[in-house]
Amino acid sequence: MNEHGHCDEMLLHFSDYIDEELGPELCKVLESHLQECKNCTVVFNTMKRTIELYKPLENELSNDVRQRLYKKLDLADFYK
Amino acid sequence: LDALRQSDRAEFAKLVEKFSSKIYRLALKILNSEEDAEDVLQETFIKAMKALPKFEGRSSLATWLYRIAVNESLMIIRKKRPDMVSTDAEMETEDGQMEPMQIIDWCCMPESELMTSETQKFLSQAIQMLPSSLLTVFTLRDMQGASIKETADVLDLTETAVKTRLLRARLRLREKLSEYFKERVETRESK
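Same order as they appear, the protein sequences are chains A and B. All the letters of the first sequence, read from the start, carry residue numbers 265 to 344 under the numbering used here. All the letters of the second sequence, read from the start, carry residue numbers 44 to 234 under the numbering used here.
Note that these hints are calculated values from the structure, not bench results. Just so we're clear, the structure is a prediction, and the values are computed from it rather than from any experiment. Backbone N, C-alpha and C define an ideal beta-carbon position, used for all residues, glycine too. Incorrect hints may have been included.
[To be verified] Examples of chain B residues toward chain A, derived with CB under 7 Å:
{"#": "1", "residue": "L58"}
{"#": "2", "residue": "F62"}
{"#": "3", "residue": "S64"}
{"#": "4", "residue": "L84"}
{"#": "5", "residue": "F88"}
{"#": "6", "residue": "I119"}
{"#": "7", "residue": "D185"}
{"#": "8", "residue": "Q187"}
{"#": "9", "residue": "L210"}
{"#": "10", "residue": "R213"}
Here chain B stands alone, though its shape is the one from the complex (with noise of 0.2 Å):
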């Protein structure tokens, strides 16, 4: 760290090589562009190296990155969608309110008929239906591996809030799946 912070090139490009896969796999779920997860992958990579000298080391090399990754993705999906932007007052609003809920059993369809490509398509475009609050708690837990806590830890919010945003992103894409799935599970039960 300390050599990182004295603006060590070569230590720097070890940082580089260690955490550009993740940068930019984070910032293409998020935003499904490559030329937008290019763009993140570069600028935070552009602000570390001109914030490293000010890092205290408060939290954790890969959480920092990745917070300055999921704010630069923000700020494209503020420039570009601003529809998909929700604020913490408007997630309150939803408190209480039940999703509607699809009872279709789709789970245990065979995996052939589950993950075709035109699935694939589906639930990357799926996913940016989510509101960026939701979408980025998802991204980080659920498709990038990231415990409750540093998921929490990168977007500054508490581990319950993070669970919430966590049930509903996931209440929500279900539902989304179960709508996708709903005329195939038809079909295969007529059969």
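Next up, chain A with everything else stripped away, as it sits in the complex (with noise of 0.2 Å):
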């Protein structure tokens, strides 16, 4: 990776690019390195798949934490 010598500096903008939080300039400088860099594009790629994995862990609340829940704050009249 550090054989470019832009990777580190580059690095340090993949999770801003990745917001869309990254100026029109610092855009194209990052898009160019990353066609020219095929282990900046590996780290590119995996953080963004990283997200991507941790985004579906959903955990709903049960009827029985929401009960206890309502009757703990004194409103159990108000549980449906």
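Using the hints, put the two chains back together into the complex; each one sits in its own frame.
So, in structure tokens, the structure goes:
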């Protein structure tokens, strides 16, 4: 990765690029670097994939937990 | 808000209905324990109920509730896993250090190979290995879908600090997942 002078610096912008928080000039520099640097492309793509893998982890609130919450807050008469 | 401040029970019940799932999910992601997440859920609304008459409305109700929930979660981490608590000072000493890099291309593995129940378990365990300052930012932004600004407001950080921590959290998790998937990629390539 470090055989390209820009790699370390480019790495610092991966996250902002994914969040669309990077200015247009830096976007161009990063995109052009990713076209040339295979290792940075691997790191960038796997970082994006890491974020995607974490997104679907949803846990629903069970009725038991909800019921205990309403009871604790003395709101049992509002429990639906 | 006025009704809530005057301890209107029906209005408070509406607030609980609206935010309880989100608060519970946030705590569960930070703590990876249903029991602890339930404690955080209850404590968050008990504290909110007490503090509402004094709530000045400088932040949104959602931000205010998430802030209470994050602080409650951090208190549990401090008690149970003191080694996970990191301060800003500790973060600063890491400045300039480049994380070690695994260059393993696992991003295009088929979904069926990536998302096994074993992987799901690993994902939950991996975020627990992050220091609390990175864990809270990653959970709010990448798992709860909060914006950079909302994350900054909840954690009382600047947006720049949120971005810096987010980069570190993402790099560390990417690294852990790369180690985890390494064997599978090598097995696939040898076939």
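Right, here's what the structure says about each hint:
1. L58: Cβ of B/L58 sits 10 Å from chain A, so the hint is violated.
2. F62: This interface hint is violated because 11 Å lies over the 7 Å limit.
3. S64: holds, 5 Å
4. L84: With a minimum Cβ separation of about 6 Å from chain A (threshold 7 Å), the hint on B/L84 holds.
5. F88: holds, 6 Å
6. I119: Because about 16 Å separates B/I119 from the closest Cβ in chain A, which is outside the 7 Å limit, the hint is violated.
7. D185: At about 5 Å, which falls below the 7 Å cut-off, the nearest Cβ of chain A leaves the hint on B/D185 intact, so it holds.
8. Q187: violated, 10 Å
9. L210: This interface hint holds because 4 Å falls under the 7 Å limit.
10. R213: This interface hint holds because 5 Å falls under the 7 Å limit.
Violated hints for the displayed structure, listed by number in ascending order: 1, 2, 6, 8.
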